[in-house]
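Q: Put chain X with the ligand on the given structure of chain E with help from the hints.
So the protein sequences, as listed, match chains E and X.
First residue of the first sequence? That's 895 in our numbering, and the numbers climb one at a time after it.
First residue of the second sequence? That's 28 in our numbering, and the numbers climb one at a time after it.
These are computed hints drawn from the structure, not numbers from a lab.
Treat the numbers as computed from the prediction; the structure is a model and nothing was measured.
Just so it is clear, CB atoms sit at the ideal spot from N, CA and C, and this is done for glycine as well.
There could be a bad hint or two in this list.
Derived coverage of chain E by chain X (criterion: at least 3 residues anywhere in the stretch with Cβ under 8 Å from a Cβ of chain X; other residues may be distant) [said to hold, decoys possible]:
no.	stretch
1	928–934
2	1018–1024
3	1032–1041
4	1203–1217
5	1324–1337
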Amino acid sequence: MSKTLYDKLWENHVVHVEADGTALLYIDRHLVHEVTSPQAFEGLKLAGRKPWRVSSIVATADHNTPTDHWEKGIQDPVSRQQVETLDANIHEVGALAYFPFKDKRQGIVHVIGPEQGATLPGMTVVCGDSHTSTHGAFACLAHGIGTSEVEHVLATQCLLQKKSKAMLIKIEGKVGAGVTAKDIVLALIGKIGTAGGTGYAIEFGGPAIRALSMEGRMTVCNMAIEAGARVGFVAVDETTIEYLKGRTFAPKAADWEKATAYWRTLVSDADAPFDAVVELDASEIAPQVTWGTSPEMVASIEGNVPAPEDFSDPVKREGVARALEYMGLVPHTPINQIMIDKVFIGSCTNSRIEDLRAAAAVAKGRHVAANVKLALVVPGSGLVKHQAEAEGLDKIFLAAGFEWRQPGCSMCLAMNDDRLLPGERCASTSNRNFEGRQGNGGRTHLLSPAMAVAAAIAGHFSDVRELTS
Amino acid sequence: MEKFTTYEGLVVPLDRANVDTDAIIPKQFLKSIKRSGFGPNAFDEWRYLDHGEPGMDNANRIKNPDFILNQQRYQGASILLVRSNFGCGSSREHAPWALQDFGFRAILGESFADIFFNNCFKNGLLPIVLPKAEIDALFLLTKSTPGFRITVDLAAQVVSRPDGHKIPFVVDAFRKECLLNGWDDIDLTLRQAEKIRAFEAQRRIEQPWLFA
Ligand code: SF4
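Isolated chain X (complex conformation):
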C-alpha cells in the first residue's frame, strides 16, 4: 500500500450530502474482475452526459460541463471536500478504488459511511472527519478562492489552510501507523498467526458445530 505522510493538494468541493457508492462508481463497472482502471468512470452518471458502460472510450464521451469535477479551475484536484454521510450504500471497494485512480488522496467531510470509511484506509486514501463549522468554512473558501489548496499532515493530525488556520483531526492510532508506514494489513495480522490458531483450537472444542 502507498504510504501517506504529508500531502498538499488542490481541493474540489462536492456540495451534496448522502453521496452513495453507486454515484461514486455505478454498478455496471463492478463487473470488472480487476482492481484498477475505475478512475475514468468515477461519478460516471454525473460526469458525462451519455450513459456509461464498461469498455467505452471515455476520452471521447461528452462531459457534463456543470459537474464540479469537470470545471477548469478544479482540474488536477486531489483532495475532495464533501458533506455528511459520504460513501453510503453498498460495500463496494470499487468506490475508493475509483476515487484513488482518479487521483484523490484525501477526503474531508462532516461524516462518512462506516464501510466506505474503512475501505479507504485499505487503499492509501485518507478520509478525514471535521466539525461542520470547519467544513462549512472550507466550502466557502474553496468556492471563493481559485486554486485553493490545503495540506494534510497525518503524523501531526492537522489540516492546514493557506491562511495559516490549522484544524486538528482524529484518527485511530492503529490505522495511522499502517498508513504512515504503508503496511499491509494481512502481513500484520499474520504476525498473530499463533494466537489465531490457539483461539481456533479452543473454539473447536467449545462450539464444535461451527466447524462441521
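In isolation and in its complexed conformation, chain E is listed as follows:
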C-alpha cells in the first residue's frame, strides 16, 4: 500500500501500541532548554530514575538570556537561577552537546539543532517547546511537548502519542519577488485558521515549498503549530541533503552514503492517501502583515484592517472587536498607514543567515525612520552572528540605525529585558501576536524580515516590493 511520509516516519518509531492505538514512539533527539526542563529533571531525581540515553540530548539556554551586556552576566536573579539550574542539571546527567550562555555556538534551540546537524531526516525530535515543529523541515517527526513529557522522554526515551490524521498542504506555483516563506505560511494560516491543522500532521509540499531553502522550510514548519498542528514537515530532497553535508553531528564517510540512501526514501508515495488536502497558489500571495491578536488575523500589505461586522460568527465577531481594541486599530485603516514604534528581527521563525541577508539587502543604504524608537536585530545563534559579521551584515544594520545584539529568544517572548511597553506597536518577525506576548500591553504585527525592514525605514508598514523593484 502506498504511504504518506507521515506513515513512514511514524512506523519507523513505533515500539509498542496499546489496544486503543496509543503508541510508544522511540525518540532519537531530545532538545532541552532552561524554561521547561527544571521540573522534569527534578521529577526524575525525586523518583530515583536515571536518564535513558543522554547522548540523545542537545541543550542550550535561550529564552531567558540577555542579548546585550554579556559581560554583566544575567542580571535578573530569577532568570539567572533558571539558567544555572540547567547548567547544573546537564553537568550532572550529561548530554551529546551543551551550548551554555555565552558559548559561541549558543542560540535559540530550534536554530542550533539544524545548524549543528543534530537534526537529521527520519528522526523523532522532541523539545519542551511548541515550535519544535521547525525541525520538520528535515523530514523529522518533531513534537513540542510539555514538561511531564520531557520527564517521560528523559526516563524512557519514548513519547506516548496517538497517530494524527494526515494533511497535505500544497503550495502551487511560484512566489513573486519580495514574497517569502513567512508570507506563504501567514497567508496559509489566514486561510485555514489557527485551529485548521488541529488533530493533523501537516506535510508541506508543492513547487513553492520545493523551491524554498532549508531556512525557508524551517520558517514554514515553525509556524505549523500556529495553524494548530503539533507536527509539520517537508519531504527530503537534494536541498535537504546539501544543507546537512559536513555539519558537526551529521553522519560521515560510509554512514553518510547509507544515511542519504535512506533519507531519499522519506517522501510520500505518489498516490498516498491524505485525510485532507489544502491547496494555495503562491503567485497570488502578497507580503503579509497581521493586524490582530492571533496569527490568523492577517491581511496583505495592500489590504485594510477589517471591521467586526465583516464576520458572521458571533464569537468571531466578538474576538475581532476585542483584538482591534487591544491593538488600538480602527476598522478599514489601510495596513500601510499603521505607524510603528519598534522593530524586532529575530526568533526561531526568522533569525537564520538567510533572513538576516534578506533584511540587510533592504536596509543597505537606508535609515530607520525617526518615529521608530528601537529596531533590534537578534541573530538566532552565535554561529549565525559570526557568519553575518563575516559578510559585513552587522555594519549594514548598524549604519541603518538598527541595534545588533547577541543571540537568543529576546523580544519574541520578552522573558529577558527586550520587550514592548504598554501600547507600543512592533513590526516583528516572530511567530505569535498574542496579547502581551512581547511585553504587557504591547502590540505585535507579524511579518517577514524584509517587510520588517521596510516598516522600520518608512516608520509604518510598507510594501517592500516598492523599495526593491
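A: Frame of chain E; chain X with the ligand shown alone:
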C-alpha cells in the same frame, strides 16, 4: 497523579475563543523552577488591574472586578467552561499547573489545542470536548442560573446537567484508564523497558549515525 473518577462542581464560563497559554499563565511566571504555586497567577493579566511579577503578594493586589473569575457568584468554581481552541500557543505545562492549582478539575469546551490537551491529562485535569450546541447551551445555563453545577462521570463518559440532561463525551481508552487509576505514565512505559531496549538495539544496527 490524583485520580479522577466522578466529579461535581460549580461551573464558570470563560466566553472567548483562542485563549492562549500566555493568557492562562503569563511568561514572567515561567522563570520558576517549581511545579506548584501558579494558581494565584492564573489569568494574571485579566484577573488583576496591575502588572504581575513573580514574588508579589497576590493577596494584596487589586482585582479586576469585570473578570469573570473574580465575580462573587463564581467563587469556588472548579469546572471551567470555554469556547474553541482553548490553550493554544506555547507548550508550557505551567498552564495546566496554574489551572489545577487554582482549583479546576475539568474543562469543557468546543475544542482544545493539542499540546495543552495532552498536558492536562498528565496533571489529573480532564479536558472534555463537546459539540458546539451543547457548549452554547451550557453557556446560557451557566450565565442564567446562579450556582450552576454539573457532574462529570469519567467512567461512564457523561456530563450531567442538574435538569437531568446527559451529554456523552469521548475520551481515549488509555488516557481514561490512567486517569481513573491515577497511574503514572513513566511507570507504565517502563513496563515495556525490554521492548524499548530491543527496539533501540535494532535501530543502532540499521541507523548507526543516530547514536553517534
Ligand atoms: S524564539 Fe520565540 S518561539 Fe522560538 S523558541 Fe524562543 S521564545 Fe519560543
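Q: Determine for every hint whether it applies to the structure shown.
A: Against the structure, the hints:
no.: 1; hint: 928–934; result: holds (count 4)
no.: 2; hint: 1018–1024; result: holds (count 3)
no.: 3; hint: 1032–1041; result: holds (count 4)
no.: 4; hint: 1203–1217; result: holds (count 5)
no.: 5; hint: 1324–1337; result: holds (count 6)
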